[in-house]
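Going down the list, the protein sequences come from chains A and B.
Taking our numbering as reference, the numbering of the first sequence is continuous, increasing by one, and the terminal residue is 123.
Taking our numbering as reference, the numbering of the second sequence is continuous, increasing by one, and the terminal residue is 850.
FYI, nobody ran anything at the bench for these hints, they're computed from the structure.
Fair warning: there could be bad hints in the mix.
[Claimed, not checked] Label pairs and their in silico Cβ distance ranges: (1) A/Arg20 / B/Ser819: 22 to 28 Å; (2) B/Thr786 / A/Lys25: 43 to 49 Å; (3) B/Val764 / A/Thr121: 26 to 32 Å.
[Claimed, not checked] Partner residues aside, some chain A positions facing chain B, computed with beta carbon under 7 Å: (4) Asp35; (5) Pro81; (6) Gly83; (7) Phe85; (8) Arg109; (9) Gly117.
Think of the CB as a built atom: it goes at the ideal place given N, C-alpha and C, for glycine as much as any other residue.
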Amino acid sequence: DTGVSQDPRHKITKRGQNVTFRCDPISEHNRLYWYRQTLGQGPEFLTYFQNEAQLEKSRLLSDRFSAERPKGSFSTLEIQRTEQGDSAMYLCASSLGRDEQFFGPGTRLTVL
Amino acid sequence: AQSVTQLGSHVSVSEGALVLLRCNYSSSVPPYLFWYVQYPNQGLQLLLKYTTGATLVKGINGFEAEFKKSETSFHLTKPSAHMSDAAEYFCAVSRSLSNDYKLSFGAGTTVTVRA
Chain A
12 DTGVSQDPRH KITKRGQNVT FRCDPISEHN RLYWYRQTLG QGPEFLTYFQ
62 NEAQLEKSRL LSDRFSAERP KGSFSTLEIQ RTEQGDSAMY LCASSLGRDE
112 QFFGPGTRLT VL
Chain B
736 AQSVTQLGSH VSVSEGALVL LRCNYSSSVP PYLFWYVQYP NQGLQLLLKY
786 TTGATLVKGI NGFEAEFKKS ETSFHLTKPS AHMSDAAEYF CAVSRSLSND
836 YKLSFGAGTT VTVRA
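Given these sequences and hints, build the entire structure.
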C-alpha cells in the first residue's frame, strides 16, 4: 500500500468557480478525515466519515462545502463558488478505528 | 472542548544540541496526545503518541515526550539535533472518551538547525 493519496496536489482557480478534490485512503481504513490548514496555522478539522457515513461536520464547513464517500473508499471534497478565504491546504487522513491517522500530502488551493 | 498551545512559533538550535518543543493542552476529559512532523510539501507524519500507560513516550527519529497531567503538558525533546530535524512540528489532542477521534492541533513550531 502506498499510503493516502490526494489529487490534485495543487489547484489554482478564480473566485466563484467550483473545485473538487479527491482523497484515496489506505485500503481497508474505515475512517476518513478532512482537515484544512492555512498558512502559519495547524490543521483544523472539517469533517469525517466512518465507512460511507458522514458522522460530523465542523462549523467551518459552510454550505458551499460538501464531502462524500460514496462506497466507503475514496472521498471527494467539493467547494462551490470559491472565495479567496478558501485558499488553504486541504489534508485528508485515514485510520482504522481509533488507530493512528495517516495523512496524505494535501491539496493546495489558491483562489485568485 | 479541547485545545493545544504550542509555545514558540520558531525554534533555532545548533546541530548536536537539545531540541525542546513545548506543548500545553486543555481537555475536559483524559486526553490522547500526539506529536506530528511536517516536511515542506509533505503530509503530516506521526512522531509519537500518548494514550494510556507510561507517561514517557518514545517515538521515531530519537524523539520522546512526557505527559504531565499536573502541568497539562506534553513537551517534545530530542537530545541531539540533526540537520534532518528541520521541519514544522505540531502537537495535537483528541478526546479519549469520544468516538470521533478527531484531532485538534496547535499552531505549530518551525525548527531550524544551524550547522
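How the hints compare with the structure:
no.: 1; hint: A/Arg20 / B/Ser819: 22 to 28 Å; verdict: 23 Å, holds
no.: 2; hint: B/Thr786 / A/Lys25: 43 to 49 Å; verdict: 45 Å, holds
no.: 3; hint: B/Val764 / A/Thr121: 26 to 32 Å; verdict: 38 Å, violated
no.: 4; hint: Asp35; verdict: 13 Å, violated
no.: 5; hint: Pro81; verdict: 21 Å, violated
no.: 6; hint: Gly83; verdict: 17 Å, violated
no.: 7; hint: Phe85; verdict: 16 Å, violated
no.: 8; hint: Arg109; verdict: 6 Å, holds
no.: 9; hint: Gly117; verdict: 6 Å, holds
The structure fails hints 3, 4, 5, 6 and 7 (numbered hints given earlier, in ascending order).
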